[in-house]
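Since chain A is already given, all that's left is putting chain B on it; use the hints.
2 protein chains.
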Amino acid sequence: MGIAGEDGTGAELPGLLERFSEIGRKNGTGIERLALSDLDATARGELQALWAERGLHVYRDRIGNQFGLVQPLDSAKPLVLVGSHLDSQPDGGRFDGQVGVLGALAVVCGMRDRGLIPSGVNVGAVNWTNEEGARFQPSVMGSSVFAGVLSLDAALASSDTREVRVADELERLSLAGDAELAGRVAGYAELHVEQGPRLEEEGVDIGVVDGTWAAYKADVVARGVQTHTGPTPMAKRIDALYGAARAIAAVHELGLARTDGRLHTAVAWMRITPNSPNATPSAVEFKVELRGPDEELLARTRDELLGLLGGITAESGVAFEVGVWSERRAESFDAALADEVERSVRELRLSTKRMPTIAGHDAVVMNAAGVPTTLLFVPSHDGITHNAAEFTSDVDLVNGEAALAAAVQRLCARVLAA
Amino acid sequence: MGIAGEDGTGAELPGLLERFSEIGRKNGTGIERLALSDLDATARGELQALWAERGLHVYRDRIGNQFGLVQPLDSAKPLVLVGSHLDSQPDGGRFDGQVGVLGALAVVCGMRDRGLIPSGVNVGAVNWTNEEGARFQPSVMGSSVFAGVLSLDAALASSDTREVRVADELERLSLAGDAELAGRVAGYAELHVEQGPRLEEEGVDIGVVDGTWAAYKADVVARGVQTHTGPTPMAKRIDALYGAARAIAAVHELGLARTDGRLHTAVAWMRITPNSPNATPSAVEFKVELRGPDEELLARTRDELLGLLGGITAESGVAFEVGVWSERRAESFDAALADEVERSVRELRLSTKRMPTIAGHDAVVMNAAGVPTTLLFVPSHDGITHNAAEFTSDVDLVNGEAALAAAVQRLCARVLAA
Chain A
16 MGIAGEDGTG
26 AELPGLLERF
36 SEIGRKNGTG
46 IERLALSDLD
56 ATARGELQAL
66 WAERGLHVYR
76 DRIGNQFGLV
86 QPLDSAKPLV
96 LVGSHLDSQP
106 DGGRFDGQVG
116 VLGALAVVCG
126 MRDRGLIPSG
136 VNVGAVNWTN
146 EEGARFQPSV
156 MGSSVFAGVL
166 SLDAALASSD
176 TREVRVADEL
186 ERLSLAGDAE
196 LAGRVAGYAE
206 LHVEQGPRLE
216 EEGVDIGVVD
226 GTWAAYKADV
236 VARGVQTHTG
246 PTPMAKRIDA
256 LYGAARAIAA
266 VHELGLARTD
276 GRLHTAVAWM
286 RITPNSPNAT
296 PSAVEFKVEL
306 RGPDEELLAR
316 TRDELLGLLG
326 GITAESGVAF
336 EVGVWSERRA
346 ESFDAALADE
356 VERSVRELRL
366 STKRMPTIAG
376 HDAVVMNAAG
386 VPTTLLFVPS
396 HDGITHNAAE
406 FTSDVDLVNG
416 EAALAAAVQR
426 LCARVLAA
Chain B
16 MGIAGEDGTG
26 AELPGLLERF
36 SEIGRKNGTG
46 IERLALSDLD
56 ATARGELQAL
66 WAERGLHVYR
76 DRIGNQFGLV
86 QPLDSAKPLV
96 LVGSHLDSQP
106 DGGRFDGQVG
116 VLGALAVVCG
126 MRDRGLIPSG
136 VNVGAVNWTN
146 EEGARFQPSV
156 MGSSVFAGVL
166 SLDAALASSD
176 TREVRVADEL
186 ERLSLAGDAE
196 LAGRVAGYAE
206 LHVEQGPRLE
216 EEGVDIGVVD
226 GTWAAYKADV
236 VARGVQTHTG
246 PTPMAKRIDA
256 LYGAARAIAA
266 VHELGLARTD
276 GRLHTAVAWM
286 RITPNSPNAT
296 PSAVEFKVEL
306 RGPDEELLAR
316 TRDELLGLLG
326 GITAESGVAF
336 EVGVWSERRA
346 ESFDAALADE
356 VERSVRELRL
366 STKRMPTIAG
376 HDAVVMNAAG
386 VPTTLLFVPS
396 HDGITHNAAE
406 FTSDVDLVNG
416 EAALAAAVQR
426 LCARVLAA
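Chains as they are written, first to last, in the numbering used here: chain A, 16 to 433; chain B, 16 to 433.
FYI, nobody ran anything at the bench for these hints, they're computed from the structure. Ideal Cβ positions, reconstructed from N, Cα and C, are used throughout, including at glycine. A hint or two may mislead.
Claimed, not checked - Simulated restraints, written as ranges between beta carbons of each label pair:
#1 P153/B <-> K251/A: 48 to 54 Å
#2 V339/A <-> E330/B: 31 to 37 Å
#3 Q152/B <-> E33/A: 22 to 28 Å
#4 E330/B <-> E68/A: 51 to 57 Å
#5 P153/B <-> R369/A: 56 to 62 Å
#6 E330/B <-> E330/A: 19 to 25 Å
#7 T44/A <-> S341/B: 35 to 41 Å
#8 R277/A <-> E330/B: 20 to 26 Å
#9 K41/A <-> P153/B: 51 to 57 Å
#10 R127/A <-> D183/B: 36 to 42 Å
Said to hold, decoys possible - From the derived model, a few chain A residues whose C-beta atoms are all more than 10 Å from chain B:
#11 L31
#12 A67
#13 R75
#14 D106
#15 L131
#16 P133
#17 E195
#18 P246
#19 T274
#20 A351
#21 P387
#22 D397
Bound-form chain A, shown alone (with noise of 0.2 Å):
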């Protein structure tokens, strides 16, 4: 395993990112910094600072994105950005994300700094508003505003479990602006933490993301009979909850079935009603949601799901009411773009591999959209994320930091040739 960073550059991200992690620190190690909470606005705001304070030009967009741009955005040149996201999830971690935009202010400071930015490409950090969905779905909510794939009004309606809006926080807490970027963007760089084992297993540095998994979401709900939990005879009830137990339970075990790893399933959110000790559930709302390389396989989990839905009606009397499935296909990045990348880095003497992510980023939607780019992992700790034990060790940290430079580097010399 290589250590970059040895010229003295790229030492900046341990110490950036244990200043953040200050901000909303939760469960010892951990964060809690919801999108569009006081405590988002909190970090933020000192992001917005720093920025200013090393001489970044800062804009903000009507959905709140941030950028920190090397030179004014009156310029008619390309922009290339590179960033993640500040917010995080309930009890999260405080790499996923953070790394990304702490890595992008080195980065783009450090690449200037040194005058290796060609005079033809404005470069730009970027924090993208809600890219978690923990709080207001839809996730990667600003990246997929700014690349218009979300209308913005769609995204400003989102409300929360409490009524309260997108829009009604962003006034709240004055984090919108009325910057256009869009227009300008080339390039897009991300760092991120992998959120899964592979790297630290193979003891590889670096990921070199070359695709997506596909995913297959649906909101589903199962309809019960409201009734009492005492008197109402067993033969009686028609349980809302004991049919969206068995779907739940059937969801994780078509992904545990699958002993080749190309199926992942999960339930991890649901809404009871009336949610009552002594009344039976009338309605259970759950999201469902498969991931996998393999559409087909999706397709094919999903119809074998939707018949085992079927079968707990017929045993339980739940009805299940399917909405319209989300598929999110399975993406190529820009494979020209992934080797010069990967030589790059490996330049660097770090270790590379080519990978899929499995997660959804910011750099997923940049790269469906048709933006050239490059997304890179650093290694996480026994695959923990979401999670306050989230780790990933400082000596990955410097790695990743030098190899987004060489990889910002490559995409300028990218977008200056196209």
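Coordinates of chain B only, in the frame set by chain A:
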């Protein structure tokens, strides 16, 4: 099936019920008036105004129980209380509770007006605070504090999911007083809808309750490890919701498997942490209840369930923390009193049936506390309850009111003879 009230008595309950069902009307024929909500306060205010208008003396105690007495409280006479509760389930029905509170008003005033209250006894109507336990746990809160089996401090400190305490709402809505009536109570009568299908199925007018089912209840926490729903390999996941789903299905199936109707099981409330679409849950809390007439069967079922949970842990890695089991004993009601009440009800040419109550009621609390208690049921159409479709016919309401009047007269005679 008989119809009481041919002499002009017992005709008040249907009209009163219609009037109060406008407060918090929901889902067409249902109501939603959670304990200590604004709508509960409105209903309480209307009740108190009506009591005062009818010349009853109004008192409130520290937990917000309301009393409307025929004679002022400072009398040295033994007190016979008649009542139930005005709070409802979320998406609840309009008969559960209201029938007993409004029936009490009609019966107490009717007896007084017709000179049927013996001079040695004081009689009062009562509305108990938070019978349902939907918003604040435990259920039967007001009657339990009154009976001395739940401390006032514990009840006041109970909080809802938004961390609002019972004490906060009592103060905000000015619902508490400082009357102390518990020491004077010598008898209690309650009219309630059956909430099961038996009276209707057997064509019986009035159920005379002779005992309660036992209930074993426990709070359970399923513990997993929070991680990303995407990249984490299935074999590495310890998903608390998967474990909880299997456990909840198992609870239901234990009850389903007993085809003799002597075991009712349910999980109706749960809370998921963090409940974020992309993070496998770290913890799922849920409430298990087992009910039946046979405590030995409940103990065996509890042990069988614990064995099943152990099996789920072995297979999924999800650990279960099972809290202390609250074991509500199967209790008998005073058999001699039930005999007398049944005889009086039959004199009205109403058919009767001795039956247990499976649901908890304020009358169950009073009976367990040693107060001579009578609890009468009227039929619930199809046994549907805790649901807007809950239905009891006007004929059955009129029958119930007449039966309650007869029962209270019998109870007064019993109290005088004691």
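Here is how each hint holds up against the structure:
1. Against the hinted window of 48 to 54 Å, the Cβ-Cβ separation of P153/B and K251/A comes to about 26 Å, which falls outside the hint.
2. For the pair V339/A and E330/B, the supplied restraint of 31 to 37 Å holds, since their beta-carbon distance comes to about 33 Å.
3. For Q152/B and E33/A, the hinted distance range of 22 to 28 Å is not satisfied, since their beta carbons lie about 42 Å from each other.
4. For E330/B and E68/A, the Cβ-Cβ distance of about 54 Å falls inside the hinted range of 51 to 57 Å, so the restraint holds.
5. The hint said 56 to 62 Å for the Cβ distance between P153/B and R369/A, and at roughly 58 Å that hint holds.
6. As the Cβ distance of E330/B to E330/A is approximately 22 Å, the hint placing it in 19 to 25 Å holds.
7. T44/A and S341/B have their C-beta atoms about 37 Å apart, which keeps the hinted 35 to 41 Å range intact.
8. Evaluation of the 20 to 26 Å hint for R277/A and E330/B yields a pass: the beta carbon distance comes to about 22 Å.
9. Distance hint check for K41/A and P153/B: the Cβ-Cβ separation is about 31 Å, which falls outside the suggested range of 51 to 57 Å.
10. The hint said 36 to 42 Å for the Cβ distance between R127/A and D183/B, and at roughly 55 Å that hint is violated.
11. Chain B leaves L31/A outside its interface by the beta-carbon criterion, the shortest separation being 23 Å against a cut-off of 10 Å.
12. For A67/A, the non-interface assignment is confirmed: its Cβ lies about 32 Å from the closest Cβ of chain B, beyond the 10 Å cut-off.
13. Against the 10 Å criterion, R75/A stays outside the reach of chain B, whose nearest CB is about 25 Å from its own CB.
14. Distance to chain B contradicts D106/A as a non-interface residue, since its nearest Cβ pair spans about 5 Å, not more than 10 Å.
15. Taking the minimum C-beta to C-beta distance to chain B, about 32 Å, the non-interface status of L131/A holds against the 10 Å cut.
16. No beta-carbon of chain B is positioned within 10 Å of the beta-carbon of P133/A; the least distance is around 35 Å.
17. Against chain B, the non-interface label of E195/A holds: every CB pair exceeds 10 Å, the least being about 29 Å.
18. Under the 10 Å C-beta cut-off, the non-interface status given to P246/A relative to chain B is violated; the minimum distance is some 4 Å.
19. Annotated as non-interface, T274/A brings its C-beta within 10 Å of a C-beta of chain B; the closest such distance is 8 Å.
20. Against chain B, the non-interface label of A351/A holds: every CB pair exceeds 10 Å, the least being about 26 Å.
21. Its beta-carbon lying about 24 Å from the closest one in chain B, P387/A satisfies the requirement of being farther than 10 Å from that chain.
22. At the 10 Å boundary, the C-beta of D397/A falls inside the reach of chain B, the nearest C-beta of that chain being 8 Å off.
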